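K.L.:
Given these sequences and hints, build the entire structure.
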Amino acid sequence: MKDSAKEFSKQFKESDAPRSPEALDQRILEHARRHQPAPRSYLPRWVNIAAAVSVAGLASLLVIQPQSPSDFFDNATRPSLEQSPAELHTESASANEVPTKVTNRPIVLEEVVVTARKKQAAEPLSDPSLEMKIEKPLIVEEAIVSSSQVAEAKPEQLNEVTVTKQKHNEALQDSPASVAVFSDSDAIIARTQPSALTPALSLSAASTNEEADSNNDRSLDELAVPPFPATLQGVLLEEALLKQLKIIDDLLSDGRTQVAQQRYQKLLEACPHCQLPDSMDKALLQIKSVSNPPP
Amino acid sequence: MLRLLTALRSDESLMLAYQRGDYHAFEVVYMRHKDKLFAFLSRSCQQPAIVEELAQEAWTAIINTIDSYQSNARFKTYLFKVAYRKQVDYWRRQQQQQNTVSYDEQDCYQQSAIGSTDSNPEHQLQQMQQQQQLNRALQQLTPEQRDVLLLREEGFSQQEMAAITGVGRETVKSRLRYAGQQMQQQLLSTVEVRP
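Each protein sequence line maps, in turn, to chains A and B. 1 is the number of the first residue of the first sequence in the working numbering; add one for each residue after it. 296 is the number of the first residue of the second sequence in the working numbering; add one for each residue after it.
Calculated directly from the structure, the hints in this document are not laboratory data. Here the structure is a predicted model, which means the values were calculated and not measured. Accuracy of the hints is not assured; some may be wrong.
If you anchor each label on the Cβ, the simulated ranges turn out as follows [stated by the list, open to error]:
#, chain 1, residue 1, chain 2, residue 2, range
1, B, Ser452, A, Arg34, 32 to 38 Å
2, B, Gln480, A, Gln26, 41 to 47 Å
3, B, Gly461, A, Ala56, 45 to 51 Å
4, A, Ala50, B, Thr466, 15 to 21 Å
5, B, Asp362, A, Ala52, 36 to 42 Å
A partial selection of chain B residues facing chain A, derived with a Cβ cut-off under 10 Å [unchecked claim]:
#, residue
6, Arg315
7, Lys329
8, Lys331
9, Leu332
10, Phe333
11, Ala334
12, Pro343
A short list of chain A residues far from chain B (calculated; beta carbon distances all over 10 Å) [stated by the list, open to error]:
#, residue
13, Arg33
14, Ala56
15, Lys243
16, Lys246
Glycine is no exception: its CB is placed at the ideal position from the N, C-alpha and C atoms.
P.N.:
Below, the structure is given as C-alpha cells:
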C-alpha cells in the first residue's frame with residue numbers, strides 16, 4: 001500500500017504538471033485589477049476606537065475635575081462670615097505663620113472691610129499680644145528698626161537711627177492711634193515677607209519721623225504708602241489695605257482732604273492688583289455702605 | 296527591496312493587503328498558486344477548456360468576495376476548497392442539463408497533449424507513457440477518491456482535505472485507502488501488461 005502510494009507520488013512528481021496558460025493569467029489579473037478594493041487606511045479599526053475613547057475620557061476628566069488649587073487655597077484661607085471670633089483668630093494667627101501663596105483672585109474692597117471689621121472685633125478679646133502692641137507701639141518700631149536697618153547700618157548711620165527713634169517717639173505721642181495701627185500692620189508683614197517689605201518699613205518709619213518735624217513735611221510724609229508686593233495676598237493684604245484706608249479716613253476726619261486724596265492715589269499706584277475704585281470718594285462710599293449696611 | 300519583502304510575506308498577509316487595496320499583493324499570491332491549482336484541476340479533469348473555466352471561476356470568486364476574506368485558515372486550503380466546489384458545481388450543472396451523464400461517466404480524461412520541455416525524444420516518450428499510465432489509473436478511481444488523492448499530492452493534510460471536500464476526516468482516510476488500493480492494482484497490472 002505504502003509502496004504503491006510512493007510509486008504514485010513519484011510518478012506524479014515526475015510527470016510534467018500542466019501550467020496555467022498566459023491568457024488565463026491575463027484575464028484573472030485584469031479582473032483582480034478591476035475589482036481591486038479601494039485603498040484603505042493601514043491603521044486598524046481599534047486605533048480609531050481607542051482614540052475616540054481617550055478623547056471621551058479626557059473630556060470627562062475635564063468635566064469632573066474640581067476648581068483650580070488656587071481657588072481651594074483662597075477658600076481655605078478666606079475667613080467666612082459664619083466663623084466665630086475664636087476661629088477667625090486662629091486663622092489669623094496661622095496666616096501670619098504660614099508663608100502666603102500667590103493667587104490670582106482679585107481683592108474686593110467690600111470683602112476686605114467686612115473681614116477686617118470682624119477681626120478687629122475679635123482680636124482685642126482673644127489676642128492680648130495685639131493689645132500690647134497697640135498700647136506700646138514703640139516695641140514694634142524698635143523691632144522694625146533693629147531688623148531692617150541696624151543690621152546693615154554703619155556707625156554714623158546708627159546715630160541717625162537713634163535720632164529718628166527719638167523723633168518717632170514724639171510723633172507717636174501726637175497721633176498714637178493711627179501710627180500704632182500702621183506699625184502693627186507693618187510688623188505683621190515684616191514677619192512673613194521681610195525681604196520684600198523692608199523698603200516699605202523704612203518708608204513708613206521715615207514718614208512717621210518727618211510727620212513729627214512739621215506740618216508740611218507731615219502732610220508729604222503721609223503720602224508715602226508702602227508698596228504692596230504681588231506676593232502679598234489674602235489676609236495680610238486685606239489687613240494692610242484696611243489700615244491704609246483707615247489712615248485716609250482719619251485724614252479726612254481731620255479735614256485734610258487733599259492729603260487724603262493724594263495718599264489714596266499713592267495707594268492706588270502701590271497696589272495695582274487690589275482693584276480699588278478709581279476715586280477716593282467711591283472707595284469711602286463703599287466702605288461706609290459695607291460698614292453701615294442699609295436696613 | 297519592496298518586491299523581496301512582499302515575496303517573503305505569507306499568503307494570508309498578502310490577501311489582507313489586497314483587501315486593503317494593494318493589487319500587487321494579489322499578483323504575488325496568484326503567481327504562487329496559479330500553476331498548482333491549474334494542475335489539480337487538469338488532473339481531475341483533463342479538458343483544457345473546462346479546466347480554464349473552472350480555474351477562472353475559482354479565482355474570480357475569491358476576488359469578488361475579498362471584502363469578506365478572513366485569514367482564519369491557510370489561503371491555499373481556501374483556494375482549493377473554492378476550486379473543488381466550482382468543479383462539483385460544474386458537473387452538477389452538466390448533470391442537470393444532460394440528465395443522463397454522471398460525474399463518473401464524463402469524458403474528462405480524454406488524453407490531451409502535454410507539453411514537455413525535455414529535448415531528449417526518448418525521455419520525452421517515456422514521460423508521455425508514464426503520464427498516460429497515471430491518467431489511466433486515475434481514471435479508474437471514483438471522482439471523490441481521485442480528488443483526495445490529488446489533494447494529498449498537493450501537500451494538504453487530512454484535516455485540510457476534509458475541509459476542502461466538505462466531508463469528515465474519517466471519510467477522507469477511507470477514500471485515500473481505497474484510492475491507494477485501486478492505484479496499486481492499476482499500476483501493477485500496467486507493469487504486468489508491459490512486455
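K.L.:
Each of the hints needs a verdict: does it hold here or not?
P.N.:
Results for each hint:
1. B:Ser452 <-> A:Arg34: 32 to 38 Å: holds, 35 Å
2. B:Gln480 <-> A:Gln26: 41 to 47 Å: Distance hint for Gln480 of chain B, Gln26 of chain A holds at roughly 43 Å.
3. B:Gly461 <-> A:Ala56: 45 to 51 Å: holds, 47 Å
4. A:Ala50 <-> B:Thr466: 15 to 21 Å: violated, 46 Å
5. B:Asp362 <-> A:Ala52: 36 to 42 Å: The hint (36 to 42 Å, Cβ to Cβ) is violated, given that Asp362 of chain B and Ala52 of chain A are roughly 24 Å apart.
6. Arg315: holds, 5 Å
7. Lys329: holds, 4 Å
8. Lys331: holds, 8 Å
9. Leu332: holds, 8 Å
10. Phe333: holds, 4 Å
11. Ala334: Result: holds, 4 Å to nearest chain A Cβ.
12. Pro343: holds, 8 Å
13. Arg33: Per Cβ check, Arg33 of chain A is inside 10 Å of chain B; nearest 6 Å; violated.
14. Ala56: Check passes; 27 Å lies beyond 10 Å.
15. Lys243: holds, 76 Å
16. Lys246: At roughly 79 Å from the nearest Cβ of chain B, Lys246 of chain A sits farther out than 10 Å, so the non-interface label holds.
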